[in-house]
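A.B. asks: Assemble the dimeric complex from its two separately framed chains, guided by the hints.
Quick mapping for you: the protein sequence lines, in order, are chains A and B.
When you line the first sequence up against the working numbering, it's residues 1 to 183, in that order.
When you line the second sequence up against the working numbering, it's residues 184 to 663, in that order.
Treat the hints loosely; a few may be bogus.
Cut-off 27 Å, straight-line C-alpha distance, at most; resulting in silico cross-link-like pairs (BS3-like, lysine-lysine) [stated by the list, open to error]:
#, chain 1, residue 1, chain 2, residue 2
1, B, K185, A, K99
2, A, K160, B, K185
3, B, K531, A, K125
4, A, K88, B, K462
5, A, K160, A, K88
6, B, K185, A, K91
7, B, K496, B, K486
8, B, K462, B, K496
9, A, K91, A, K160
Since the hints were made in silico from the structure, they are not lab data.
Each chain, written out:
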Amino acid sequence: MKENDIAPHLTPANQKEFLRVFLANEREILRYVMAFVPHAPDAQEIVQQTALVLWEKFHSYDRERPFAPWACRFARHVSLQWIERREKWRKLLDDGLAKELAERREQLQPEFDQRLSHLDACLGKLPDRQRELVEGYYVRQLDARALAEESRRSVEAVYKTLQRVRKHLRECIERARLEANTS
Amino acid sequence: MKFPSTEFEQALSDLCHGTIEDQAIDGLHTLLQQDADARDAYLWRIELHGELSAGRLDFATPSGPESPQEAGLVKSAVVTAPPLHPNVLSGWRGLRFRKALVAMAAVVLVVLGYGFKRMATDPPMQQLAERPLDPFLAIVVDESHDVAWEGVGPDWGLGHALGRQRAHLESGDATLQLHNGVELMLRGPTELQLLSVDHAILQRGQVSARVPEGAIGFRLDAPGLNVVDLGTEFSLAVDDAGASSVHVFEGKVRAALPSLPSSRTELLTGETAQFDADKGEVTRRLSDVSLFPPLNDDAGLPKTEGDICFLRKPPPSLHPGTFEHDSILVFREKDNVALPRRLRVVRKVSHQFRSKQPSVPETVDLAAHTPVQSYLIHFDRVGDSWTGGVTARGVIRFDQPILGLVIEPERLSETDLFCCHEDTDYVKGITRPLEMRFISDAPNGHDEVYLTDDGHELELTLRAGPYVDQFRVLVEVPTE
Numbered sequence: 001m002k003e004n005d006i007a008p009h010l011t012p013a014n015q016k017e018f019l020r021v022f023l024a025n026e027r028e029i030l031r032y033v034m035a036f037v038p039h040a041p042d043a044q045e046i047v048q049q050t051a052l053v054l055w056e057k058f059h060s061y062d063r064e065r066p067f068a069p070w071a072c073r074f075a076r077h078v079s080l081q082w083i084e085r086r087e088k089w090r091k092l093l094d095d096g097l098a099k100e101l102a103e104r105r106e107q108l109q110p111e112f113d114q115r116l117s118h119l120d121a122c123l124g125k126l127p128d129r130q131r132e133l134v135e136g137y138y139v140r141q142l143d144a145r146a147l148a149e150e151s152r153r154s155v156e157a158v159y160k161t162l163q164r165v166r167k168h169l170r171e172c173i174e175r176a177r178l179e180a181n182t183s
Numbered sequence: 184m185k186f187p188s189t190e191f192e193q194a195l196s197d198l199c200h201g202t203i204e205d206q207a208i209d210g211l212h213t214l215l216q217q218d219a220d221a222r223d224a225y226l227w228r229i230e231l232h233g234e235l236s237a238g239r240l241d242f243a244t245p246s247g248p249e250s251p252q253e254a255g256l257v258k259s260a261v262v263t264a265p266p267l268h269p270n271v272l273s274g275w276r277g278l279r280f281r282k283a284l285v286a287m288a289a290v291v292l293v294v295l296g297y298g299f300k301r302m303a304t305d306p307p308m309q310q311l312a313e314r315p316l317d318p319f320l321a322i323v324v325d326e327s328h329d330v331a332w333e334g335v336g337p338d339w340g341l342g343h344a345l346g347r348q349r350a351h352l353e354s355g356d357a358t359l360q361l362h363n364g365v366e367l368m369l370r371g372p373t374e375l376q377l378l379s380v381d382h383a384i385l386q387r388g389q390v391s392a393r394v395p396e397g398a399i400g401f402r403l404d405a406p407g408l409n410v411v412d413l414g415t416e417f418s419l420a421v422d423d424a425g426a427s428s429v430h431v432f433e434g435k436v437r438a439a440l441p442s443l444p445s446s447r448t449e450l451l452t453g454e455t456a457q458f459d460a461d462k463g464e465v466t467r468r469l470s471d472v473s474l475f476p477p478l479n480d481d482a483g484l485p486k487t488e489g490d491i492c493f494l495r496k497p498p499p500s501l502h503p504g505t506f507e508h509d510s511i512l513v514f515r516e517k518d519n520v521a522l523p524r525r526l527r528v529v530r531k532v533s534h535q536f537r538s539k540q541p542s543v544p545e546t547v548d549l550a551a552h553t554p555v556q557s558y559l560i561h562f563d564r565v566g567d568s569w570t571g572g573v574t575a576r577g578v579i580r581f582d583q584p585i586l587g588l589v590i591e592p593e594r595l596s597e598t599d600l601f602c603c604h605e606d607t608d609y610v611k612g613i614t615r616p617l618e619m620r621f622i623s624d625a626p627n628g629h630d631e632v633y634l635t636d637d638g639h640e641l642e643l644t645l646r647a648g649p650y651v652d653q654f655r656v657l658v659e660v661p662t663e
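Chain B on its own, in the form it takes in the complex (with noise of 0.2 Å):
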């Protein structure tokens, strides 16, 4: 390899991408010793890479003087290792020790409320009999009073996360929504495996499904019986003796015992039939709805695309570690409440990345009495890395308009006064602002929020570390 070429060229943006091979690593190794400028040219490539990769991207603005926060980081990146002595870190080259230190901060952490949970603690959703846990394809986003699981904690439910596993209602109402829109509300006694977001199998029980225009051919069987939706909102019961029944309360669906092909039908809004599935019979008759347990009235409820699940009642508990799942969730905390003073709100937030608008949002000022309703956005991040972490995206639309967003720290914990919900525990302080660039303590933030033109939606970006993210939506209260 020579200094400069194109194979030494190739090989540095191999090397940066991880997929660089043996033999251009000789070849870099023995230039690298020869060659003073290659080092220096080496170094540079590295450093840009490295500056790109540690996140200084910021194509909002055009460059200028920074913050005085951001200054002192740059300045502090000029790093000078000293000489480390040699027996700072002796005896810790072993896994043993690794392990010993990764647990170590893994209990510390979750004293503090932090990360690390998959690490620290066997979540609830482990003591469910099948793994592995991941994929996570649907989120609890309901559920009734008397609802019971089987085989998780007591305290397992409404905002958790299923993956494929068979979940096992005992009693009670629970609705799960799947990461592609579909909604499926079971009934009691009910066991159900998701194989997939796209395929579900009914083993007994009741389940009522909602699919969305872009996860029609959803599946769901039953034993001996597949139905398959063609945009619709439809019912599947399978009773204790193996019999299954299908209700199709709005669209169609087709449905067929796979040993029969004879089977194969198809059912329009209204229409109920019966499968046997031993004895290969179809019997359609009119339907008894009641048997079918109804799907819950989604009219007024924000709709959420993406990452994002909205939560139909507030979650008892917001502490870190209490959701182990990587989905933003969202839920009501007052659907009625006057400001008691007046209230700064952000309006505006321009994208990080592709606006040229400036990190400074726009602000307003909210009147004193006005009436709201306040919603919270909370994502807790699965994973135990400091870095990196985990981006969660998605869209959240309001049916009334937004008021304003309350996002920095201090304001946040004003709100909390007035607009949490009773009934959940919330976690407060330092470890649950947005990294925003206009937050003062996140000069470098990740987190994005955009509240569209039409002060109906938000897009959401939200990347967390070690903690939670949580803010604040305030938005315009219905008239009756």
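Same shape as in the complex, but just chain A (with noise of 0.2 Å):
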């Protein structure tokens, strides 16, 4: 098979546009398949496949839309894809529970975006030691065990951290949302 068989749309400067744009919303890809697989090393294979696809239709791409949007219509596709093939996902998310689930998420976004817009003035707050944890499992994507040994805990002390965190990061967005509606 020769080269242009292959990926006879890609030409030397859309290549490059692809992974310009891929590269610049692969955030938002990720995040947006999160929702349906929240396990980031099972989301990440997700979006990895997504990329090939992308790249594949790249040609079909309109360049006066978005590409975020576009994007995550193949990444929900796969997503689901790949929910299907593994039984613990499947029984999760089975009998329509993953389509409600997305649609609910879209009702919910612009509620979502500006709780999230307080997220970094709460990851801000938090003391050293939860916030060098919290870089190392989602900067630095260590796994727990990694962590466990860099903090000298438990793994199982790491997880119940990491869920408090979440927890008080919850608790903080809550109160910076009321206080940002009564002022």
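C.D. replies: Next up, the structure:
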């Protein structure tokens, strides 16, 4: 098979363009996928598969429109197919629940975005140890075992602390929201 | 399961961490089917976790108006997925088609010179006989002009990685840097097998080792002989008959024939001993240092820690895919070059996640004609993922003060004109700049470069996607 047979539409110019727009929107695609599959490594795998589909379909992308919604159409389909093939996720999201959650998320999206506008400030208020743990888990993408070794805690304690941190963040966001609404 | 309840919170947390049990899944499924409030709570918790995972962490700046780019991205996050036409992706459900997609992407990426290296091509190191290649244990940081490796492609050598396979150096000298800082200088013909960063076996030939304090206990075996470093620079030679000699340049080693406990010997600076495993003999003798390859003087060279290796020579190529490992490479491009015009360089970049400093770096203008030493930092990850990526971290310390960093793409291109090493084939263009927040194309950047207060040391955390990361360090020229 010749290169042109594989991807006849991919000229060097739009290859670069694809990389640019995909990387610029990768975060949003990942966030969208995680609404279906919250486990980050699984979600990343789905985004990777989505990237390949997007690559294949890039010739049909209308440059006049934003990339993320176009990409998320495919991400949704890839996510549902991925879920279909995994019993655990299928059990959780079966019986139309995936569709129902996706539709509800769309309705709640403006509210979520409004809440998340307070996230940076709340992250900034975390105590150092909690912030380091969050940074290790979410930014450096260390697994719980590595974080446990690094922080000399048990793996269970790491998970528990992460759960607690997220709870604190939700509470902080809620307080900030109330303050913003009353002021 | 009920909502609200501790059980619900625990199930969601486990779901996010990938540790949820089947029973909890059943309970969560039933609850979400029945309870609208639980569904909303579920979605909000997942949304927050997703936002954190997607990298929206900004500990450095107080909340406030975002840059236009960030605002645009956040706006685009309000994604409403239109109904997907059921036939859009029909026919690609099978693994075969998926593999075809992967292959397609791989080929195109290779044409581009980007990523998917492991999937797309057989790296030169795969020609070495033994697998698995991972983990990468050492990088070739120096080699003589007459070096010849057996079992690898002609381009393999400087800057490439060795795993747990046997390296066969046919001729010339080559220096390996292990990830724990141990340096091994091989003189061909030599066969060496790395088992770990703490342990290697010399089958035949000559190897000299420099073992830093943190790696004391490094073990180098020869047929029938164990040599354990006790903080030293030493050399081990195995002749064609299988007899081994140990010489200590500096420090102390312990050597023993494992079949003969009484042979256990400690050697100090300047001492040499010959070990005959067949006869069970140990012979101390005066050293003829010329028999042992001397280690290169590393005085004045940048010192590296972590995932950074300093190459003693510029590599022939920096194109993506040239180096199949996850180490950050540094090399000196120019010893002394005068800036042809005034140049704005970065002098201070904050930790993005750890400090309250602004993301806009401090810059300074270097005057025209300022003499500088130029170093290039190059990171080319291994991996087939577009997300996640590989993170490499380390520290590099220069003897001379760092005058500034050239990070922004346009300045990198500008300095290429007078800093590039003439024997190196550079990659240029959009594929190489760092993704740092102050770079306009990378508002969600994840690379970190931190210049310490004394101005001599850089702390790097580079997370490369399917392309390379590069930037330039300009250092004061040492006075004679």
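A.B. asks: Determine for every hint whether it applies to the structure shown.
C.D. replies: Hint by hint, here is what the structure shows:
1. A threshold of 27 Å between alpha carbons decides the hint, and for B:K185 with A:K99 the separation of about 22 Å falls inside it, so the pair holds.
2. Simply put, A:K160 and B:K185 have alpha-carbon atoms about 20 Å apart, close enough for the 27 Å limit, and the pair holds.
3. About 25 Å separates the Cα atoms of B:K531 and A:K125, which keeps this hinted pair within 27 Å; it holds.
4. Proximity of A:K88 to B:K462 is assessed by CA-CA distance (about 64 Å); at most 27 Å being required, the pair is judged violated.
5. Between the alpha carbons of A:K160 and A:K88 the distance comes to roughly 22 Å, so the proposed pair stays at or under 27 Å and holds.
6. Only pairs whose Cα atoms come within 27 Å are accepted, and B:K185 paired with A:K91 is accepted, the gap being roughly 18 Å.
7. Straight-line distance between C-alpha atoms of B:K496 and B:K486 comes to about 15 Å, which keeps the hinted pair within the 27 Å bound.
8. Of the pairs offered as hints, the one joining B:K462 and B:K496 is violated, with about 43 Å between alpha carbons and a cut-off of 27 Å exceeded.
9. Under the criterion of a C-alpha separation no larger than 27 Å, the hint pairing A:K91 with A:K160 is consistent with the structure, at around 25 Å.
The structure does not agree with the numbered hints 4 and 8 stated previously, though it agrees with the rest.
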